[in-house]
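Asks: Sequence:
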Amino acid sequence: MKALELEHATLSDCLQEARQGCLVITRKGNPAASIIGIEEEQMELGSDASFWKLIEKRREENGISREELEQAV
Numbered sequence: 002m003k004a005l006e007l008e009h010a011t012l013s014d015c016l017q018e019a020r021q022g023c024l025v026i027t028r029k030g031n032p033a034a035s036i037i038g039i040e041e042e043q044m045e046l047g048s049d050a051s052f053w054k055l056i057e058k059r060r061e062e063n064g065i066s067r068e069e070l071e072q073a074v
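Per this note's numbering: the sequence shown = residues 2 to 74.
By construction, these hints were calculated from the structure, which means they are not laboratory data. Computed from a predicted model, the values in this text were never measured in an experiment. The C-beta atom is built at its ideal place from N, Cα and C for all residues, glycine as well. Mixed in with the good hints there might be a few duds.
Label pairs and their in silico Cβ distance ranges [said to hold, decoys possible]:
1. A19 / S51: 38 to 44 Å
2. E8 / Q43: 26 to 32 Å
3. V74 / V25: 27 to 33 Å
4. L7 / S51: 35 to 41 Å
Model the full structure from these sequences, guided by the hints.
Replies: Structure follows, in structure tokens:
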């Protein structure tokens, strides 16, 4: 993760850094925003209705509790 001061940030620099991972934009030394790069596959899934229907279906199913997960691990 890299931090870049807003005062010195250009859009081009932000996009270049975000392609390599998470970028935190700071204002006067304090975190103000985060930019995360995105892959083409993520864009396709994000706009795929069947993908989101699958996500909704899985969310409706009963999962396991955190305690059960910790015991399994």
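Asks: Please flag the earlier hints that this structure goes against, numbers listed from lowest up.
Replies: Structure breaks hint 1 only.
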